[in-house]
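Protein chains in written order, with UniProt numbering: chain A, 1 to 85; chain B, 1 to 85; chain C, 1 to 135.
The hints are simulated quantities; they were obtained by calculation from the structure and are not laboratory data. C-beta atoms are modelled at their ideal positions from N, C-alpha and C, and glycine is treated no differently. Warning: the hint list may mix true and false statements.
Said to hold, decoys possible - Here are the computed lysine to aspartate or glutamate pairs in the DMTMM-like style, where the Cα-Cα straight-line distance is at most 25 Å: (1) C/K120 to C/D132; (2) A/K41 to C/D132; (3) C/K124 to A/D49.
What the hints assert, rightly or not - Output of the computed footprint for chain A on chain C, the stretches with three or more beta carbons under 8 Å from beta carbons of chain A: (4) 1-8; (5) 116-124.
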Amino acid sequence: MVEFSPEVIETIIRASALLGAGFAMIAGIGPGIGQGYAAGKAVESVARDPEARGNIITTMLLGQAVAESTGIYSLVIAIVLIFTI
Amino acid sequence: MIEFSPEVAESIITIASFVASGLALIAGVGPGIGMGYAAGKATTAVRRQPEARGAIITTMLLGQVVSGSTGIYSLIIAIFLIFGI
Amino acid sequence: MKEIKDPKKLQKKILKTTYLIALLPIISAIAAGDMESLLGFVFGLVVATLLLRLKYNNIIRALNMDMESAEKFIRNRYFAEYGLYFLVLFTAARNPSLNFLAAAVGLFMIKFTVLLLSVKDLLKDTFQSQFDRYK
């Protein structure tokens, strides 16, 4: 039976927590694409109806703020993985 | 019982943090794709309605200001991982 | 914010509001005597201002192109901007007289301001419509 000393186990856990933080940040792709898509559609609809510009901008910014939240989740998880484990 | 010398443990953690920072930088691709989409839509919108040019530019500027931030999150995590702040 | 149609006026309004909001952390950093945070924050804020102007110029240039080359142009410019952000954060992390987290917050200040102004507009609209209904 193979046994590990406590230092080995600690090293493996620390290394995999750091790798996990890196993997968690890949989630940042999603909000980037989504927010850009929202901006493109908003621009299109401003061209279609310039009168409704104010409402379109408010809606676009709120939608982007909500879409941002998954990026912030991955940021929080990455920070937790780096600093607490 | 398997044991590591302290140098081996330290180098495993360093390698893991460099690989993880490279993975975190992948997230910078997303805002690029989204912003490019918005820019393409803006050009067709300006073709369609040249008199709404100012409105289109302001909408797109606001959208791009908000959508670029997930890339910065991934940069922050990558630099945390490299320097171990 | 949503009534402004001129892009230059919008930039001025956003920058003015950003600096007004930024006075609070700057004054509190001075009061606490934390010069590292103050310098890092001002560094991030200055870079964010310059990058907003760069973004505006890029958009103006992209609008005269056709669709595919505009996509490619803005994508390449975004990656250049990403490199600039990396350099700024790298400098803030390496330099002992700049606080890294303060520089990061300074970079985000313009985005916070835009979201704050849009929430203000939304609340104003909501209260206005409620007020009109009971009038």
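How the hints compare with the structure:
no.: 1; hint: C/K120 to C/D132; result: 18 Å, holds
no.: 2; hint: A/K41 to C/D132; result: 31 Å, violated
no.: 3; hint: C/K124 to A/D49; result: 22 Å, holds
no.: 4; hint: 1-8; result: holds (count 4)
no.: 5; hint: 116-124; result: holds (count 4)
The structure shown violates just one earlier hint, number 2.
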